[in-house]
Amino acid sequence: MDSTDLALRAEGICFAYRGEEWVLKDISLSVPRGKATMIMGPSGSGKTTLMKVLAGILCPQRGRLEALSQEVGKRTRRSLYSLIGYIPQQLGLVRNLTSLENVLMGALGRCGHGKVMLGLFPRHEVEQAQAALDLMGIGDKSSEKVFRLSGGQRQRVAIARTLLQRPRVVLADEFVSDLDLALAAEILRLMRQVAEREQMTFVANMHEPQLVREFADQVLILDHGQIVRRFPTDGSQERSPSEVLQ
Amino acid sequence: MRTDLFIMALVAVLLSIVLGQLGFFDAARLTKGLQNMGILTWEMLPPDASVLPVAGEALWETVQMSFAGTMLGFLVSLPLSVLGTRHLFSAPVSNLSRLIAAGIRTVPVLLWAILFVILVGLGPLAGTLGVAAYTVGYLAKIYAELFEGTDPEIVEAVRGTGASRLHLVRFVVLPEGANAILTQLLFMLEYNIRASSILGFVGAGGVGFVMQVYLQTLEYRRLATVLLLILVVVLIMDGLSAWMRRRFLLTPQS
Ligand SMILES: Nc1ncnc2c1ncn2[C@@H]1O[C@H](COP(=O)(O)OP(=O)(O)OP(=O)(O)O)[C@@H](O)[C@H]1O
Ligand SMILES: [Mg+2]
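Which chain is which? The protein sequence lines are A and B, in order. Numbering-wise, my numbering puts 121 at position 121 of the first sequence, and it's gapless, one number per residue. Numbering-wise, my numbering puts 93 at position 93 of the second sequence, and it's gapless, one number per residue.
Hints may be right or wrong, so weigh each one.
[To be verified] If you want a taste of the chain B side facing chain A, the calculated C-beta under 10 Å gives, among others: (1) Gly149; (2) Asp151; (3) Ala157; (4) Phe171; (5) Glu176; (6) Gly177; (7) Thr217.
In short, the hints are calculated from the structure, not lab data. Where is the CB? At the ideal position from N, CA and C, for every residue including glycine.
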């Protein structure tokens, strides 16, 4: 595969938290542009850590990481931030702000330091933030403070924030785990539409085999910090993800 | 478990040695002290209400000084503590800011008042500046630690949208810390009202001057009136801040 067709490319990534043993051991992966890659694995296998490395939040001790054909290093990390959307496992919403304000955080990268610092966002951004909440089915909660929302509603606020950011790549850490299967599938379907329309790449950690089967173009299975299986296997397409995940 | 017990025993032994050195086991002195306390209390009764207008006016000045000083100190401590937050600023910047705050904190409030009396002359202006300086030292430390404790996942998530450091302060650090910021500010205001009643002793304005006069002329019944008046103000402040907390602190502890 030509490397310009790749949204993310990792080679030989090793990562350890300060002074502890390796959490990621020699991870190599390619994420094709505009496709959905899903990562599965038991609790503690390093999914969140891998996601943070891919998002440029954690710096791996070994290996190379390329995002959108750019080498990710100390200096280039900042310029990539607005191109890569990241939804953490605990969502990272500001609890004391309203849903709408939290969604508007997605627009900060293009808003400067004028009126925004007074909490006054440009009107078109506010309209789009409201539209994103509407799309997630929680438009009526826009002026509710986040700490009053349910777990599933919070997840949808976090997704709306990422949509407003309009990134080229979305990295999502278990971002539909608090939604029931039907709603999770509906949200994923929406994400797929957006992804197709805007050539957006999508990487997510996911527990639910049914959702993975329906939405993944590529599946990586992580165990003890290593990728132990990947579907479809490089090159050969003989076994699709749905065949392997029983 | 055994080490816990050992440490507790050690502390107990240490405490009794220190108390002994400070004269706490001198029975004769302590009984004399108790007797004197009885006499003093007796001489304070009944409080002399005729000084209410004078004391009230002086106390009002103290309240004004504490309020203005606390708010000025608060406004300076916010940027200082943001600069002292290690997650947001490099080590040289945050260390310098923390050093400044620690330096300010080293000087007790009474000494600040004396310094400002020398700089701007006698009166409440010196007292207000003294309260402000003390407040900066205290709040800058508390707030810097509070800001550093901001959930890193929220900072990461918002930074990941391309937000700048200034954005993070405005939209993550301050809103996440809002409850604690307000709680500490109210605590500081209460504390300053009590603490700044002493500032009049060094000519920095407020009710302290009146207290000093009554103490030196042995007019304990008048002094009692002043103390009761301070008690009333402190109680009102307690009630006010309790109401403020109920009114503005909405986030459940989570
Ligand atoms: N901040 C940290 N400091 C030190 N060790 C950590 C830290 N975060 C995670 N770990 C360790 O790294 C390993 C992988 O953790 P990680 O959070 O990546 O797992 P995960 O696959 O996301 O698990 P889950 O499915 O439960 O979310 C675990 O053994 C964990 O103890
Ligand atoms: Mg995880």
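So, going through the hints one by one against the coordinates:
1. Nearest Cβ of chain A to the Cβ of B/Gly149: about 14 Å, over the 10 Å cut. The hint is violated.
2. Interface restraint check for B/Asp151: the shortest CB-CB distance to chain A comes to about 8 Å, inside 10 Å, so the restraint holds.
3. At its closest, the beta carbon of B/Ala157 sits 3 Å from a beta carbon of chain A; the interface hint therefore holds under the 10 Å criterion.
4. The criterion of a C-beta within 10 Å of any C-beta in chain A is met by B/Phe171, whose closest approach is roughly 6 Å, and the hint holds.
5. Using the Cβ-Cβ criterion of 10 Å, the hint placing B/Glu176 at the interface with chain A is satisfied: the shortest such distance is roughly 6 Å.
6. Nearest Cβ of chain A to the Cβ of B/Gly177: about 9 Å, under the 10 Å cut. The hint holds.
7. Checking B/Thr217 against chain A by beta carbon gives a least distance of about 53 Å; that is not within 10 Å, so the hint is violated.
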